[in-house]
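**Q** Each chain, letter by letter, is given below.
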Amino acid sequence: MRIKPISGVRFTAQTHQRGGFKATARQSLTVTDKDYWSITETDLFSTLETGPSGISEQEAQSRLKTYGYNELPRKGLSWTTVLLRQLKNPIFAILVASAVVAGFFGEAEQSIAILSMIAISVALGYFNEYKAEKIVEDLTQRVSLKALVTRDGKTYEINSRLLVPGDLATVYIGDIVPADIRITESKDLQADEATLTGESFPVDKAPGRIDAPHPTPQQMTNYMFMGTVIAHGSGRGIVVETGNRTEFGSITKSLTRPHPETEFQKGIKNYGSMLLTLTGALAVGIFALNALVGRPLIDALLFSLAVAIGLVPELMPAIVTISLSQGAGKMAKRQVIVKRLVSIEDFGTMNVLCTDKTGTLTEGKITLKDYLSLNEEKDPKVLTYSLLCNDAVTDGRIAGNPMDVAIWEYAMENGFQDSAKPFTKMDEVPFDYQRRLMSVAVRRDGAHTFITKGAPESVIPRCAYADVVGKIEPISSVLKPIEAKLSEFSGAGYRVLAVAFRSIEAKPTYSVDDESDLTLIGFLVFSDPPKEDAAQAIFTLKEMGVNVKILTGDNELVAKRICEELEVPVKGTVVGSELSQMNPTELQSAVDDATIFARVTPEQKLNIIKALKANGLVVGFLGDGVNDAPSLYEADVGISVDSAVDVSKEAADIVLLEKDLGVLANGILEGRKIFDNTLKYILMGTSSNFGNMFSAAAASVFLPFLPMLPMQILFMNLLYDVANMTLPTDNVDDEYIRAPRRWDIGFIRKYTLFFGPFSSLYDFLTYGIMLFIFAATPALFQSGWFVESFWTEVFVIFVIRTRRIPFFSSRPGKWLSILTVSCIAVGTIVPFTVLGEFLGFVPLPSNYWVLLILMVVTYLLLVDAGKVFFYKVCKCMW
Amino acid sequence: MMPYPDLFIWWAATISAGILFQVLVSIYLYPRRRKGLESAVSSVGKFWKNFAFVWILVSLLILYIVSINAGSYALFAAGNIVVEVFLLVYVIKNSNR
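Read top to bottom, the protein sequences are chains A and B.
Residue 162 in this note's numbering is what sits at position 123 of the first sequence, and the numbering runs on without skipping anything.
Residue 1528 in this note's numbering is what sits at position 54 of the second sequence, and the numbering runs on without skipping anything.
Rather than coming from a laboratory, the hints here were simulated on the basis of the structure.
Where hints are given, some of them may not hold.
As the list claims (entries may be wrong) - Pulled a few chain A residues facing chain B out of the computed Cβ check, cut under 10 Å:
(1) G333
(2) R334
(3) P335
(4) I337
(5) S734
(6) S799
(7) F803
(8) F813
(9) G905
(10) Y910
(11) K911
(12) C915
Just so you know, these numbers come straight off a predicted model, no measurement behind them.
Virtual Cβ for every residue (Gly too), placed ideally from N, Cα, C.
All chains should be modelled from the sequences, with the hints used to inform the complete structure.
**A** Set out below in structure tokens:
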């Protein structure tokens, strides 16, 4: 174990008086009073039985047994979960039941054929989804965190999961806080709590008591929270909570529930239920009718079963999974990692995107916007003095307080880095959180200057004068306009520092006493600027029918300013305090109208998403903080980024490798293509299969023989599904992906009712031709109908796959064309082969083919004409 | 002589039922607007136009029943070609591209 000494670190001395706290009994380590923020340091030590030397190693081991590891429960990738997910589908239930029944009645071939189809579908789905999840799991694996702990008076590094309550832990700039820690010592400590609270600027942290009964994390300045990052300085404190008892963990706990069903999953479920009802009714009806006309019961049962199977698009799970996996692969190339495949389709149908501000619309990085004199003009003197009075490290890389870093970065980018060179730094009065400013004494050409930089409310009271256009005036004469300007900056969401100076005599050391009678010279204005490409990305999303709503913990003025800069039209703004007053109905109305939701808590974010969903919208949520995790779970599509905290990535469906809205637009387009190709399969399957099976049912009643043998139906069904296997690669018409489309079971029902009978009509016509023109035997009849039925249901793919009229104005995918034509060739020659003989087919007469071609051409044109009626006249649109 | 003569009536009834079902679905899907009498009268022409494809269906039904009853390849083929030309013109006229 590497020992990391901490001697030499200068902590600000803190003295705390013991208040009226009653010492806790020795045995009551499992404290009931958890208000650690409000008790004195002495009471804190006493309560947690620790002290300035920490606890002993032995005690730590004992507490580890009591409290457990300091880690959040992680749900690992389980092959059984992925496998079970494949089987949770009503279609599988129908197929398994069919296989069992077929096997039970001695139809081993049918049973094996059905089971093979199930196995293929499950295997395809399982391997694709497992592979996708594995990739994401690998991505989200993070290096284990280390913690610097003091035990038995010795300080050393341990794995942060071994931390226990009572441990004395130390953190430095850049560290991720390993547990919830009550601060006992600090030096210039600032924590970036954006992942917990959404606040983009680092928060000052210092020891002390908080006299509030239920402080928010933002108010708990004497705490360092697990998962937050130390942005500046260093600190030390007592670990008060570990694992899922931390603030971080309490948010994570709400994530143990399962993901709500996505719109797509609900749609598939409804579709499965519709099929189940239809199939059940048809199978029972056919069985009863065949039994009534005197057919053997086993024949009647197997025929009705085959018709039922014919109606079920059994390869749908495989088609869907292949579509999704291929989409996931394409999206990965576009920097979008799909964690949960099923969310891709919802990604495409998403019509509202809720996003945080920091890092999405803004760069997520503080930059110096301006350095102004008191008459609001750029003043190089202000910049030079701020470079001198600066805590950032600039040896090779710039590190330190984000504002000091921002000043240096600006200077280097704009050629001001040498402006401080003529000066020699004599002494420094460091920053602290009581004064909220720092000072330096510098010398140039024998003249000594004392420069102070800090929060305006701290610097201005130390000023006696103000430098206005080179004229020194009493500060009191310019105070009002200065305050107005500061208020304006603050209102616009900028962070401001004041810069002041005085001439001073040379002396060995300088102190806070010298920070008086200063002359105010100007201000430094900081901002978290909008991303350059965010405006274009938001415009693109708008064009694609996706409304962007901003959910932020920051104030509404900052959010509005960002929107103004990005030219995002703001319909309305709602702040958290208003949201908390609203009842559910008012909330549903408010979420529809507003664009910005400011000062919102994690719970309010969650409620906003729920309300949007209740309004019938498909909601995406883009977030990367701990506070975003519940919302990521609740949204139809939870989107996080690679740089997000684990808990957010865990909760998300989709992980962006770059936090960029432009990347999102690409992913959405891919999702829409997948949605559309899946839909094509469903529409084709239900309409043409429905028609075929309906005509089989009708024919079985009046014909003296079965219109098609069960094995012939299954073979046709399998061949048809093979033809559809390349559907995921099909081209999608541009007009389909311009706007989000939602799953609409009502549309599927209408589509099936309208287009299904077209297929039946031509089946009946074939019956007539075979019976009354060709005087067909049962085998010839079955062969003739097999070929006609197969031709019509495969060729109609080209008509149904597009909403364009005429259908040939839309170009199908290359592989779809090749595979369908190949399958047509196989289906056409089968009756002339040994396999055909095995299946009970006989060769067809040559003049039948002439009639068949005429029929099929008429059929395809009739379906296209039907589309005119369906889409244009009836306006049955999706 | 027609083979399976006892099945012809069943077949004709089934294919007619199929067309009837299609016509009923079309009527069900056709938007029912609450309009005054005047607009209803003026929209009679539009109604005929909107239901063009239904008339094609009915014509096809007649063609198929007559040609198969007659056992005539030629009638069947010629009728199909005429309908195909008509359908092609119809879809091109209603092109949405």
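**Q** Each hint needs a verdict: does it hold in this structure or not?
**A** Each hint tested on the structure:
| no. | hint | result |
| --- | --- | --- |
| 1 | G333 | violated (16 Å) |
| 2 | R334 | violated (16 Å) |
| 3 | P335 | violated (21 Å) |
| 4 | I337 | violated (25 Å) |
| 5 | S734 | holds (8 Å) |
| 6 | S799 | holds (5 Å) |
| 7 | F803 | holds (4 Å) |
| 8 | F813 | holds (8 Å) |
| 9 | G905 | holds (6 Å) |
| 10 | Y910 | holds (8 Å) |
| 11 | K911 | holds (7 Å) |
| 12 | C915 | holds (6 Å) |
Of the numbered hints listed earlier, those contradicted by the structure are 1, 2, 3, 4.
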